[in-house]
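With the hints as extra help, turn the sequences into a complete structure.
Sequence lines, in order, name chains S and L.
Here the first sequence is numbered in the working numbering, starting from 986 and rising by one per residue.
Here the second sequence is numbered in the working numbering, starting from 420 and rising by one per residue.
Hints are not guaranteed to be accurate.
As the list claims (entries may be wrong) - From the structure, some residues in chain L lie toward chain S, with a derived Cβ separation under 10 Å: (1) HIS467; (2) ALA483; (3) SER487; (4) ILE517; (5) PRO523; (6) ARG524.
Stated by the list, open to error - Covered stretches of chain L, going by a simulated chain S footprint (3 or more residues, C-beta under 8 Å): (7) 501 to 514; (8) 544 to 553.
These are calculated hints, taken from the structure and not from any lab test.
Note that CB positions come from ideal geometry on N, CA and C, so glycine has one too.
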Amino acid sequence: MNEIMTKAWYTLISLFVITNYGLLLGGTMARVRAKVQGRIGQPVWQPYIDILKNNFKRTGIYHGVMFYLGPVFRLAGGLGTYLFIPAVYGSLVFSNFSFSGDLLLVMYFIFFGQLGMALGAGQSGHPYSPLGVSRGLAQMTAFEVPFALSVIAIASQYQTLSITEIVAAQQGGILNWVAFTNPLAMVAGMISFLGMSMGNPFSVVIAPQEIPIGPPTEMQSSFLGMLQTNRAIFNGAKLVLFMNLYFGGATNIGVMVIKTFLIYLYTVIVDASFPRFRTDQSIRFFLGIPALIGIAAVVLQML
Amino acid sequence: MKESNMDGLQTTATETEQQLEDMAKEMRLANDGLLEQDKGYFCDVRPHRVEPYKGIMESFANWARSQSLWILGFGTGCGAIELRPLMTSRFDMYRYGIQARPTPRQSCVFIIGGYASVKTLKRIVRSYEQMQGPKFVLGLGSCTVNGGMYWDSYNTINRIDQYIPVDVYIAGCMPRPEALLGGFIKLKQMIREGKCEGMNKYIDDFDWYKANQKQIIHDWNMPDYNW
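Dropping the structure here:
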């Protein structure tokens, strides 16, 4: 019983840290984007205030049971993704619920939130919501191809589907990282990560000028507050996952912060430098060269 | 909704009056701009006043509200041209926690950008009612105060605060983006002091606002308050 309680405490601490880290990272990156545009930008703590403000709204509109459950599913997707990834290798507190097949479960959870959101957004009855959802799911299906190929390459390289074991195999020096032992898998994975983070050029899903913000068009007040909280957790989870898969994981919080910051910075640099693809262009893009790189990575592993 | 109307029964004038009286007693809205078959899609409940929290809780909430102002990205008149520079590096509204949102559901500040034509007023009312409270309105330009250079125009309204409650006016034709930022600072100060209860004012004087709106908007083919 004591063990379970300890684990529960560790999980809460881990969640608390990743939520705050995700929020601060979001605020920092908004400032980085502002610098690129020659502005000062919003305060780093702006995401906290936005969430507070949304939760302090006095009224809220709801459109049915699924509308309530949409953000809940999304949050479950974010939590599920994070809780099965070991955030810090070898740490009791941050190893979360990593187990032997967690890689497959995490890939499923990345998809799960979007599907839940699709149901919730669908019930809102706003025509732009399903439009955004269909774009999001189409793009997601496309970037899952290079990502899945990259994961298959890594899984066959280390003969395991456990993220902890993949991280363990990369310990002992920078040259042991997948980025160096299997660069093709890393390239395919990191390109699909651009799609996953939905910055430019893959930002057509929430295109604010065209389909007002896409899936969450009708989400307001505390629904939106919940989605923003999830965004922080989900972002943190994705960054930690990619750090574990390609860049040797982290043995302490400091290393985790540096590595995830740099991975996020890479998506922000791409985001600030490129214009937006249409959905069909981004699908063609992901199914083209990144998918071929992924296939090459798998074939090289099989040889 | 009255079922007798749904059945397509002929109702006499006295019966209709009786129905309206009943609805008024039950504090429901008539939605009489809608077709009979469309009424079922919309709510006929009147908006309810929501009291602020008490003490430090409301002060804290008001601080958060004042630090995170999300503008509805809807340029209602020529003054909207002054909103765009706010996002650029020269004025950088993000410093003050001000952002633009594309949907009224997520916004809390509505900027009436100059003159409001009769056609736009209908959209202003719809957008304002779709926003979730507490919500704030900035009147930008002299046209929102008294009609400005359009004061005797056949197609614009003169005083926006007869149709929706306004918190801060920014006079001028056109006021520069600096003036707009000044208006935002004033709005923040008022929110922190708890003076921006425009939504509750709208609900308290709902019938007066509706009567004013219906005087101007003749093709009222939308629900009375539905969103």
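Tested hints:
| no. | hint | result |
| --- | --- | --- |
| 1 | HIS467 | holds (9 Å) |
| 2 | ALA483 | holds (4 Å) |
| 3 | SER487 | holds (4 Å) |
| 4 | ILE517 | holds (9 Å) |
| 5 | PRO523 | holds (9 Å) |
| 6 | ARG524 | holds (4 Å) |
| 7 | 501 to 514 | holds (count 5) |
| 8 | 544 to 553 | holds (count 3) |
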